[in-house]
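Here the protein sequences come in this chain order: A and B. The letter at position 204 of the first sequence is residue 204 when you use the UniProt record's numbering, and the numbering goes up by one with no holes. The letter at position 75 of the second sequence is residue 75 when you use the UniProt record's numbering, and the numbering goes up by one with no holes.
Be aware that one or more of the hints could be misleading.
What follows is a set of in silico ranges between Cβ atoms, one per label pair, in the way DEER data are often shown [what the hints assert, rightly or not]:
#1 B:Asp409 with A:Leu136: 32 to 38 Å
#2 B:Gln57 with A:Trp143: 32 to 38 Å
#3 A:Leu92 with B:Gly83: 25 to 31 Å
#4 B:Asp409 with A:Asn253: 35 to 41 Å
Simulated from the structure, these hints should not be mistaken for lab results. All C-beta atoms in this analysis are idealised placements derived from N, C-alpha and C, irrespective of residue type, glycine included.
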Amino acid sequence: MAQIDPSNRGLRLAARYAVLVLIAVIFIFPLVFMVVSSLKPDQQLLSDTGSLRAFLPVGDIGLGNYAAAFQRAPVGLFIFNSVLVTGITVVLSLLVCSLAAFAFVFLEWRGSGLLLSVILATLIVPFETIAIPLLLIVNQLPWIGLDGLSTGWLNSYRVQILPFVSDGLTIFLFVQYFRDLPRELIEASRVEGASWWMIYRRIVMPLAGPVLATAAILKFLVMYNQYLWPLMVVQEEGYRPVMVGLQYFFQLNRAWGEIMAYLSLITLPVLAFYFVLQRAFISSIASTGVKG
Amino acid sequence: MTRTNLMAGTILATALSAVIATGAAAQTELSMWYHGAGGEVESAIINRIVDDFNASQDDWAVELQSFPQGSYNDSIIAAALAGNLPDIIDVDGPVMPNWAWSGYLQPLPLDESVIENFLPGTKGEWNGELYSIGLWDAAVAMVTRRSYLEDNGIRIPTLEEPWTREEFDAALVTLEETGEFQYPLDVGMAWTGEWYPYAFSPLLQSFGGDIVDRESYATAEGALNGDAAIEFGEWWQSLFERDLVPGTSQDPADRETGFVEGKYAISWNGNWAAVPILAEYGDDTLFLPAPDFGEGPVIGAASWQFGVSATSEHPEGAAAFIEFALQDEYLAEFSDGIGLIPATPTAAEMTENYAEGGPMAVFYELSEEQARLRPVTPGYVVAAKVFEKALADIANGADVIDTLDAAVDEIDADIERNQGYGH
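Can you make the complete structure from the sequences, with help from the hints?
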């Protein structure tokens, strides 16, 4: 039996790549299945599932499922809503949580340790347990809009955004990252007369690229995959996000091809967002050990 | 144009728009939620009914909001908590008692004469009051091919003379021995959820058992773990042990297409799945009544129905819309559009599939003759899930008596926790 010579770097590299390619293939196959299936008519899609044909664009291929998906549901509206809600929440969350973490790490004030512990404790509280009290609260909150003062936030974008702007995990990520920054840098800036705001804006945040990417991706995924909350607070179609929209395709006789087409479409923003931030994300995993 | 003329014109235009606005405002708005978002045909029909109603009178204007079915019930519960239920809602038949008990629905002020010809499964009655009414019903039948039975010398059962348990078992064994099928029968184990109590509790009822005791609705003791239920459980388990049906690990794709692909000889399936089968096998298609396991053949009943929310300030307007929607014309249109059974015989005659001699007319007869409502109690929503788990466990080889006893304990505990659900 042939032995791999440990000193042969080429063979070792090839073996390593073979394993990595295999792992990559395993992870990418569900995506391939989704996209390939979205191009097939239902009958063929279902009969192909038992063989490797399920991963190959063979047989009767076309874009009919995509056209049908757009006809069945306002797909563009759902994607727009999700991207809008997710985008605004991510930006606000990065700002608010990084400011909070900055205060916890660099400012000295009474009770900061206790408050941070309380915030971190919220990590173990599942959202489902606070969903109903939160619903009752947002239903009573006032709002000043174009029509004047009103009560209740249901059926709006703000009700999908504001409750998620701040969360324990994002604050924790920033706190951990800020703690690893050299204190001397901050102290020297203070000696030089820099204000806290200037230190946050000019020194800390420019160094926080990796944690910003990690926090952004994690928040993006949580927000983009929101289902229960929008289900509870949004009754008008105009504000529905993609995950609630997915239910439009689960009819008595399921159109699997359309479901795959819809899933392919709503996966695009996630992939695009990840590709933009992947370098910083990987760098953050390497430095903090935190991954999604 | 002089300044005076301009002013006069402006005043006239303002007055006219005020008159028009007053006319439009005379219609009181009724909000309505419906579970059919994503169903193109269904949405088109319900929108047309709303438009027709709004144009037919000056008192009410219905504003429709459609939800996808999978998230509809949760949306209703959240809205009830937040206190913003609409005037008109639709509700799945077996869930109606729970919503009425929970205070989401108020009795439907509809004259009995309006619905006297409606199929029993379409009437949502609880505690002696009508809470909801359906435009259609759904039914289950054994779908097979005439040639499968005739080629193997198996008697074709009829409504008057359905298969007995022995005949049914013998037919399955005969079909299995042909070696032509992966399984002689597909009961749809891949369709988890409400399919289990809807499709399988009638088999239990035909044995003489039930999910709960319908006399008192205070316990499942004796109904779900009595002799008849144990006999049913042992027969149910034997189907899987003898490889007569695919088990809980059935591929959902096989459930969708297995019968048409010839993997199964008989499919226990709903009328909503009949159209593609008819398209494939045409006149060779047979829809057979449920077997009689001793206490008569039974199939499930009740589908989606319309009702008035408890918080509606205009129940008379909501009822006016519902009564308007109950016209035969719309019942037939829904049936032709989505394949379900129209609620009245006169509407059935107007349809392509359910008119006398139509390819699916047998489903109307099945609904009329064999349909039995699932337990009419607010506790059904919990009991149904317990029943589903018990049947899956038994199919997977769990001890029948222990499993049914445990299910009874769970259902009884829930009834007790809810102070008997008002029964």
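Status of the hints after comparison with the structure:
1. B:Asp409 with A:Leu136: 32 to 38 Å: Since the Cβ atoms of aspartate 409 of chain B and leucine 136 of chain A sit about 34 Å apart, the hinted range of 32 to 38 Å holds.
2. B:Gln57 with A:Trp143: 32 to 38 Å: holds, 35 Å
3. A:Leu92 with B:Gly83: 25 to 31 Å: Because 29 Å falls inside the window, the suggested range holds.
4. B:Asp409 with A:Asn253: 35 to 41 Å: holds, 38 Å
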